[in-house]
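A.B. asks: Which chain is which? The protein sequence lines are A and B, in order.
The working numbering numbers the first residue of the first sequence as 1 and each following residue consecutively.
The working numbering numbers the first residue of the second sequence as 1 and each following residue consecutively.
Treat the hints with care, since some could be wrong.
A short, non-exhaustive set of chain A residues, derived as facing chain B with CB atoms under 7 Å [as the list claims (entries may be wrong)]:
1. Q61
2. G65
3. G69
4. S75
5. E97
It should be emphasised that the hints constitute simulated quantities derived from the structure, not laboratory data.
Quick caveat: nothing in here was measured; it's all calculated off a predicted structure.
Each residue gets a CB set at the ideal place from its N, CA and C atoms; glycine is no exception.
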Amino acid sequence: MAKMNLLQAINSALDVAMAKNDKVSVFGEDVGHFGGVFRATSGLQEKYGRHRCFNTPLVEQGIIGFANGLASQGSFPIAEIQFGDYIFPAFDQIVNETAKFRYRSGNEFNVGGLTIRTPYGGGIHGGHYHSQSPEAYFAHTPGLKIVIPRNPYQAKGLLLSAIFDPNPVLFMEPKRLYRAAVGEVPEEEYTIPLGKAEVVQDGSDVTVVGWGAQIEVIERAAELAAKDGVSVEIVDLRSILPWDVDTVAKSVMKTGRLVVSQEAPHTMAFGSEVAATIQERCFLYLESPVMRASGLDTPYPLAHEKEYFSDHLKTYEMIKRSLDY
Amino acid sequence: MVSTREKAMAKQMAKDPQKTAVTTELQVIPANALDIPMFQVLKEDGTVHKGAKLPKIEKDLALKMFSTMQFIRVLDERMIAAQRQGRISFYLSSLGEEAAAIGSAAALQFEDMIMGQYREQGALAFRGFTIEQFMNQLFSNAKDLGKGRQMPVHYGCAALNFMTISSPLGTQIPQATGYAFGQKQSGDKTCTLCYFGEGAASEGDFHAGLNMAAVFKVPVIFFCRNNGYAISTPAVEQFAGDGIAPRATGYGMKAIRVDGNDIFAVYAATQEARRLAVEENEPVLIEAMSYRMAGHSTSDDPTGYRTREEEEARRVREPMIRFRNWLVKKGWITEDEADAQYQAHKETVLAALKDAEKVPVPHVDEIINDVYDAPTDALKAQLEELKAHIKKYPDAYPKTSGGVQ
Numbered sequence: 001m002a003k004m005n006l007l008q009a010i011n012s013a014l015d016v017a018m019a020k021n022d023k024v025s026v027f028g029e030d031v032g033h034f035g036g037v038f039r040a041t042s043g044l045q046e047k048y049g050r051h052r053c054f055n056t057p058l059v060e061q062g063i064i065g066f067a068n069g070l071a072s073q074g075s076f077p078i079a080e081i082q083f084g085d086y087i088f089p090a091f092d093q094i095v096n097e098t099a100k101f102r103y104r105s106g107n108e109f110n111v112g113g114l115t116i117r118t119p120y121g122g123g124i125h126g127g128h129y130h131s132q133s134p135e136a137y138f139a140h141t142p143g144l145k146i147v148i149p150r151n152p153y154q155a156k157g158l159l160l161s162a163i164f165d166p167n168p169v170l171f172m173e174p175k176r177l178y179r180a181a182v183g184e185v186p187e188e189e190y191t192i193p194l195g196k197a198e199v200v201q202d203g204s205d206v207t208v209v210g211w212g213a214q215i216e217v218i219e220r221a222a223e224l225a226a227k228d229g230v231s232v233e234i235v236d237l238r239s240i241l242p243w244d245v246d247t248v249a250k251s252v253m254k255t256g257r258l259v260v261s262q263e264a265p266h267t268m269a270f271g272s273e274v275a276a277t278i279q280e281r282c283f284l285y286l287e288s289p290v291m292r293a294s295g296l297d298t299p300y301p302l303a304h305e306k307e308y309f310s311d312h313l314k315t316y317e318m319i320k321r322s323l324d325y
Numbered sequence: 001m002v003s004t005r006e007k008a009m010a011k012q013m014a015k016d017p018q019k020t021a022v023t024t025e026l027q028v029i030p031a032n033a034l035d036i037p038m039f040q041v042l043k044e045d046g047t048v049h050k051g052a053k054l055p056k057i058e059k060d061l062a063l064k065m066f067s068t069m070q071f072i073r074v075l076d077e078r079m080i081a082a083q084r085q086g087r088i089s090f091y092l093s094s095l096g097e098e099a100a101a102i103g104s105a106a107a108l109q110f111e112d113m114i115m116g117q118y119r120e121q122g123a124l125a126f127r128g129f130t131i132e133q134f135m136n137q138l139f140s141n142a143k144d145l146g147k148g149r150q151m152p153v154h155y156g157c158a159a160l161n162f163m164t165i166s167s168p169l170g171t172q173i174p175q176a177t178g179y180a181f182g183q184k185q186s187g188d189k190t191c192t193l194c195y196f197g198e199g200a201a202s203e204g205d206f207h208a209g210l211n212m213a214a215v216f217k218v219p220v221i222f223f224c225r226n227n228g229y230a231i232s233t234p235a236v237e238q239f240a241g242d243g244i245a246p247r248a249t250g251y252g253m254k255a256i257r258v259d260g261n262d263i264f265a266v267y268a269a270t271q272e273a274r275r276l277a278v279e280e281n282e283p284v285l286i287e288a289m290s291y292r293m294a295g296h297s298t299s300d301d302p303t304g305y306r307t308r309e310e311e312e313a314r315r316v317r318e319p320m321i322r323f324r325n326w327l328v329k330k331g332w333i334t335e336d337e338a339d340a341q342y343q344a345h346k347e348t349v350l351a352a353l354k355d356a357e358k359v360p361v362p363h364v365d366e367i368i369n370d371v372y373d374a375p376t377d378a379l380k381a382q383l384e385e386l387k388a389h390i391k392k393y394p395d396a397y398p399k400t401s402g403g404v405q
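Just chain B, with the same shape it has in the complex (with noise of 0.2 Å):
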C-alpha cells in the first residue's frame, strides 16, 4: 500500500525541473531532517520488545541460525589464533556482528546473489560453504575454489550463489545494481543482497550504484553494515550525516535502519526488503547498527584507535548471547545443549585446520590459467620459462618445485 504522504512525495520529487512546487517561504532543510530510529524485535536482554512483532520463523531455521552463528565464532577466534601462529597470513573477525550477516542471509532465497564485503563468513556459512572449503580458502591450498589466488577471507562459490570477494571496497555496488537488472530481465524472481561496511558507503561506487539501482528500478538490496570503524576510523569521521540510511533518500529509494545485533530485526527486515525488491522491483537500503568487536584485520590493534571501555561498554549488546537468551527461554535449546555445539564446532575446526594445511598449494601450471579463458602463448611460454628456472633453483621455490621435476 502507498500512503497518501508517499504519493504526495513522489509528485513533488523534482525529476523535471519545470514542474517543481513553489513556495513563497524560503526553505532552508535542517541537515538532520531525517531522523530514523532502529528497528529492534529483542531487546538486548533477548526479550522481546512489548508490542514487537516477532517475524514467524520455524525452529529448524532458528537452530540452523544459531548454530552458524556459533560456527563462525569458532572460525574467527581460532583463525586469529593460526594467523598469530604464523599458519596463515591474514584473518578478518566478524566477532559482533554474526546477526548481521547471518540473519540477513537466511532471509534470502538460495537462488539469491550475494555480493559480500569480506566480513560476512556467516552468510557464507549458512548457505552451505563446508569447514572444508574454509579452511581450503584460508590456507591457499590445491583445493581452494579459489586455486590460492587470494589473500584469506576472499571467498567465493558459484553453486553457492556467493560471488567471490575482491579487497577494493565498494566496487561490489555498482555490480550488485548490473547483476540485479539480469535477473530482472531473466523474469526469474530473484534478487541481489550487497554487503559493504559504512566505510565503504564513501566510495564513488556506492553512490554510482544506489543511483542506478534506483533509476533502473532493480531487485537489489544493499545492506550496509554500520559498525562504526574503517580499520581505525570512527564513524565520526566517516561522515557528518545520520549514517547511511538517510542517504537513499536521495536517490529514491526505500530504507530500514535495523539494529544489526538484533538477528530477528535483521531477518524481518531483509524479508520485508526481499519482497520490495523482487516483487515490486524497488531496490532497499539497510542500515545494520552494530559494532566491530574485533580489530579490522589481525594486522591491526585496536588499542591504538580506541579504549578498552569503549568495547567493554559495547559487549553488552552484542548479538549471540541475545539470541541464545531467547532460543534458551523459548525452550528450544538448553544451555547444556548450546555450549556443546559450541565445543562441537571447536573440535570439526581443529580437525578441519590441521587436514587443509597439509595439502600443497595449486601446481605452479595453474599460474597462467583463468587470466583469460585459456592461456594465450606469450603466458605458455612464460610459464615455460619460470618453469625451466625453478627446476634450475629448486630450493629457491620449495612449494612447487616438486611438481616440475
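Isolated chain A, as found in the complex (with noise of 0.2 Å):
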C-alpha cells in the first residue's frame, strides 16, 4: 500500500493498464509530455513511448471519433476529455457511435475497449465551463457505462475495471478531490466490480444516495445527523448505468427513507431516476417522499459557487425534512 492522492491513483491505474496490455493507449489533448493539466498521465510517454501515450489536436469529437475507431479495430483507448464541459462537441461520436457500434451491427463489431476518462464537478472556482456534472445526459443512453469513482482506493479499481471491460465506459473524475483525497492505494493491479454500489455507511434511520465527490459531503451531512441522534445509511453508488437498484432497493426497505444528494442542477438530474425507481420497487416501505438535494436550475456561477452547491449544510436540511415529513 501507499500513500496517493486521486490524481496518482488514477495514474497508477493507467500505468497498470499500459503494462499489463501493450494495445492499451492513452490520449487526448495536453496528455503528451506534460501528463495533462490535472498531471493524471504525467510521466506515462516517457515510460511507453509516443506512440502510446500522445497529444492530439484540440477536437473534441475527434478524439472520441478516432478513440471510436481505434477500439472497433480491437485496442484499448483512454481518451481524455480535458473537463467534462467540454465533452459536449464529442456527444455525437458518444451518443450515436460508441452507445451504439455493437447493437447496430448485430455484434459484429464493439467499441468495448474505449473508455473516455473526464473531470467533472464544481468546486474549484470553475465558473459555468469548469464546474458541470453532465452525467446525466449519457445516463440516458443505453450502451454505454457510466462510473464516477468517490476516493483514490476506489479510482485506480475502478478505472482498471471500465478499462478492460467490454463495454465502452465514460469515467467521470471528481477532480475537486484530484489532490484533496488522500488514503492507501495497493501499488498493484486490483479491481472492483462496475455496476455495483457500495454501503459506505450501515444506519437504520434514513438512505443517502450519491457517486463521486458528493459522498463526502454526505458523509459530513451524516455526521451532523448522528449529532441529533440520527443514524444515516450511505450509499454510493459508484456506476450511475448500469446501476445498483437492489443495493439502494435493500437499504431503502431497511430504513424507510431516502435522500439522493447529488451536485448536478435540480432537474432530470439522476437522482431523478432513482427517486422513480425507489418509489416504485420499495412504495410500501416508503415513510416519506424521496428527498432530492441538488444543485440549483441554473448554470454553475462563479461568485455564487457556495449558494448553488448542494452542500453538507443544504443535504442535512434534507435529512430533517426526509424525517421530520
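Could you fit the two chains together into a complex? Lean on the hints.
C.D. replies: Below is the structure:
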C-alpha cells in the first residue's frame, strides 16, 4: 500500500493497464509529455513512448471519433476529455456511435475497449465551463457504462475495471478531490466491479444515496445528523449506468427513507431516476417522499458557487425534512 | 521521389510560427490558388485518352469489376421498385456512382478496412457480400447480420472487413483515422478506406478526421464521392471553394482528384493512394467527381430540385457504358455476353428477394442483446415484461407474438 491522492491513483491505474497490455493507449489534449493539465498522465509518455501516450489536436469530436475507430480495431484506447464541460462536441460520437456500435452491427463490431476519462464537478472556482456534472445526459444512452469514483482507492480499482470491461465506459473523475482526497492505494493491479453500489456507512433511520465527490459531502451531513441522534446509511452508487437498484432498494426497505444528494442541477439529474425507481420498488416501505438535494436549476455561477452547491448543510436539511415529514 | 518543390513547401510550413518565411510584399492568397484537374484515363466513349497510361489490370479482375457493376445496377433498380411496392421500407441507389465504389474497392487488399457512408454497395459486393446477405439486411429479417436493427442499406460484415454503416454523416471519418492508427501500430501493412459524400465533408468530423490523420500520419484513404448533391442541396450551395480535394493541402495531406465515372482512373488513383498510405504512412484524400443519377433515397423526388434536362446532360458521362465499351473493344466480353450477364443478375436478385421476404424478423429476445456484451438484469426484466405484454395482446405484435407463446 502507498499513500496516493486521486490523481496519483488514476496515474497508477493507467500505468498498470499500459504495462499489462500493449494495446492500451492514452491520448487527449496535453496528455503527452506535459502529462495532462491535472497531471493524471504524468510520466506515461516517457515510460511507454509517444505512440502509446500522445497529444491530440484540440478537437473533442475527433478525439472520440478516433477512439471509436481505434477501439473497433481491437485496441484499448483511453481518451481524455480535458473537462467534462468540453465533452459536448463529442456528444454525437459518444451517443450515436460509441453507445450503438455493437447493437447496430448485430455484434459484428464493438468499441468495448474504449474508456473515456473526464474530470467533472465544481467547487474549484471554475465557473460555468469548468464545473458541470453532465452524467445524466449520458445516463439516458443505452450501451454506455458510466462510472464515478469517490476516492483514490475506488478510482484505481474502478478505472482498471473500466479499461478492460468489454463495453465502452465513461469514467468521470471528481476534479475537486484530485489532490484533496488522499488514501491508501495498492501499487499493484486490483479491480472493483462495475454496476455495483457500496454501502459506505451502515445506518437505520434514513438512506442517503450519492456518487463521486458528493459522498464526502454526504458523510459530513451524516455527521451533523448523528449529533441529532439520527443514524444515516450512506450508499455510493459508483456506477450510474447500469446502476445497482437492488442495493439501494434493500437499504431503503430497511430505513424507510431516501435522500439523494447530487451536484448536478435539480431537474432531470440522475437522482430523478433513483427517486422514480425506488418509489416503484419500495412504495409501501417509504415513510416519506424521496428527497433530493441538488444544484440549482441555473448554470454553475462563479461568485455564487457556495450558494449554488448542494453542500453538507443542504443535504443535512434534506435528511431532517425526510425524517420530519 | 520527393520533388525539390515539395521539399521547399514542407520547409515553409508554418508549424513553428517563429520559423515562417518572411516576405516584404503584402500577399493575399487568391481563394482559388489551387486549381486541380480531374485525372481521367477513359474518354466518355470508352476509348483511352491519347498518352494516358492504362493501369495494369488482369482480365479476370476487370470482368469481376464489370459484373459487380452490373449486379449493383440490377440490385438498385429492383430494390427501388420493391420499396415502391411497399415490400421494403427504404432504399438508397448508387446509380451512376458504381465505378467510384467498385474501382476503389478493387484497388485495395482484402485485409484493408472499408468504412462506408451508405452509397457504396458496389464496394461491399466486390468484397463478396452475397445477394442473400444483401436481401436479409434489406428485409431486416432473422438472417440479417445486423439482426434487423438498422434501416435498409446499413450493411456491415466483419468477415469482409466492411464496417457497419451508421446514418449520422461523417462520423466514420475520424473513426477511420483511429482504425488506421491501430493498423499502423500492428505493423500489418493494411490501410483503411473511408467513403463519404461532398455534403458530409461539411461536417465537423471531416475536419477532425483529416487533421488528425495528417498529424498522426496514419494509413488511411479518405474517398470523397462528389456527386453534386446532398439530398436536394447542390454542391454550389454546399461550399464556395473548388470542391473537396484542395482542403487536403490545408491539412498537409496529399490529394488526388479523379473522374469518379472512369473506373480505370479510380482504380489507378486508389492504388497509388494505397501505396502512399501503407508504404509511407501518408494519408490521402481522393475526390471522385461523379453525378448522383438517382434521388438521394426513395424518400425524395429529384424533380423537386433539378431538371430532367440536367439529368439527361449528365447521363452521357455515366460509368457503366464507358467501361462496357472498353471491355467490348478489348474483346474481353461481347455485347451479347454482357446483356446475358445483366439478365442473369436480374433473375438471381429476384429469386433472392422472394426468399428473403419469407424469412421472419429476429426473435423478440434479440431486442436486448448487444446493447452490452451481455444483457443487464434491468434489460432482462424489461424483456420479460415485454413478452408478457405481447402474450396478452398477440394480435398487436404479429411479427413476434408467435415466438412468445
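A.B. asks: Against each hint, give a clear statement of whether it holds in the structure.
C.D. replies: Hints and how they fare:
1. With a least beta-carbon distance of about 5 Å to chain B, the hint placing Q61(A) at the interface is held under the 7 Å criterion.
2. At its closest, the beta carbon of G65(A) sits 3 Å from a beta carbon of chain B; the interface hint therefore holds under the 7 Å criterion.
3. Interface restraint check for G69(A): the shortest CB-CB distance to chain B comes to about 3 Å, inside 7 Å, so the restraint holds.
4. Satisfaction of the interface hint for S75(A) is found here, the shortest Cβ-Cβ separation to chain B being roughly 5 Å, below the 7 Å cut-off.
5. Because the smallest distance between the Cβ of E97(A) and any Cβ of chain B comes to about 5 Å, under 7 Å, the interface hint for this residue holds.
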